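Protein chains in written order, with my numbering: chain A, 2 to 113; chain S, 9 to 118.
To be clear, the hints were calculated from the coordinates, so they are not data collected in a lab. Just so we're clear, the structure is a prediction, and the values are computed from it rather than from any experiment. In this text, a Cβ means the ideal position worked out from N, Cα and C, and glycines have one as well.
DSSO-like, lysine-lysine: derived pairs with alpha carbons at most 30 angstroms apart:
id: 1; chain 1: A; residue 1: 58; chain 2: S; residue 2: 11
id: 2; chain 1: A; residue 1: 71; chain 2: A; residue 2: 54
id: 3; chain 1: A; residue 1: 58; chain 2: S; residue 2: 77
id: 4; chain 1: S; residue 1: 77; chain 2: S; residue 2: 11
id: 5; chain 1: A; residue 1: 12; chain 2: A; residue 2: 71
id: 6; chain 1: A; residue 1: 12; chain 2: A; residue 2: 58
To spell it out: a stretch of chain A is covered by chain S in this simulated footprint if at least three of its residues, at any positions, have a beta carbon under 8 angstroms from a beta carbon of chain S; those stretches are:
id: 7; segment: 38-48
id: 8; segment: 87-98
id: 9; segment: 102-113
Each pair of labels, with its calculated beta carbon distance range:
id: 10; chain 1: A; residue 1: 72; chain 2: S; residue 2: 88; range: 36 to 44 angstroms
id: 11; chain 1: A; residue 1: 66; chain 2: S; residue 2: 73; range: 38 to 46 angstroms
id: 12; chain 1: S; residue 1: 87; chain 2: A; residue 2: 109; range: 24 to 32 angstroms
id: 13; chain 1: A; residue 1: 63; chain 2: S; residue 2: 82; range: 37 to 45 angstroms
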Amino acid sequence: DAGITQSPRHKVTETGTPVTLRCHQTENHRYMYWYRQDPGHGLRLIHYSYGVKDTDKGEVSDGYSVSRSKTEDFLLTLESATSSQTSVYFCAISEPGRRQISFGPGTRLTVT
Amino acid sequence: DAKTTQPNSMESNEEEPVHLPCNHSTISGTDYIHWYRQLPSQGPEYVIHGLTSNVNNRMASLAIAEDRKSSTLILHRATLRDAAVYYCILTSNTGNQFYFGTGTSLTVIP
Numbered sequence: 002d003a004g005i006t007q008s009p010r011h012k013v014t015e016t017g018t019p020v021t022l023r024c025h026q027t028e029n030h031r032y033m034y035w036y037r038q039d040p041g042h043g044l045r046l047i048h049y050s051y052g053v054k055d056t057d058k059g060e061v062s063d064g065y066s067v068s069r070s071k072t073e074d075f076l077l078t079l080e081s082a083t084s085s086q087t088s089v090y091f092c093a094i095s096e097p098g099r100r101q102i103s104f105g106p107g108t109r110l111t112v113t
Numbered sequence: 009d010a011k012t013t014q015p016n017s018m019e020s021n022e023e024e025p026v027h028l029p030c031n032h033s034t035i036s037g038t039d040y041i042h043w044y045r046q047l048p049s050q051g052p053e054y055v056i057h058g059l060t061s062n063v064n065n066r067m068a069s070l071a072i073a074e075d076r077k078s079s080t081l082i083l084h085r086a087t088l089r090d091a092a093v094y095y096c097i098l099t100s101n102t103g104n105q106f107y108f109g110t111g112t113s114l115t116v117i118p
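Given only the sequences and the hints, what does the whole structure look like? Please build it.
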């Protein structure tokens, strides 16, 4: 998986609790992304980062925040998890001009 | 971002060619056409991309219509391992935003 790890790989949490998902890359790629995947909706972009401390919203950013303090790490935070945020979350990376995006293994999050 | 339209699902017999269509009628002159596929329980993986000319690689071929408003991913000989969801996406000239949609679920029949 192109030097991309996600942690945790599985998590069950209760409604209202904060949750942070971590994406770590060893490729030194400039761009990092968070997607969620749900049946019937395909892959949807939540947030992305185009450099350290530079982030922007994607298609479905409500209820999520991100931070990137180092090139290699991109954190996704659910401030107060809701059942609608039960999903599989994928991190991805890309490099300007390469025209390819590489995905991590995914994190399965269940909010009860 | 320009949108793409793909059939929800397709079936193919093993060892036969598969043609996966994609419509992108609002494509701009500098948008690249990409194909990715997602095997069960994995993240999507790159298959192929192109701008105007047809492209071939070890995995597949990409045929782009002359007006660029549609494209076709061709798997020359489907195997059971090709059963996956195939995504057709467009990227701008800067090439750093990737919007995936729902894709085409390909079933390969033994």
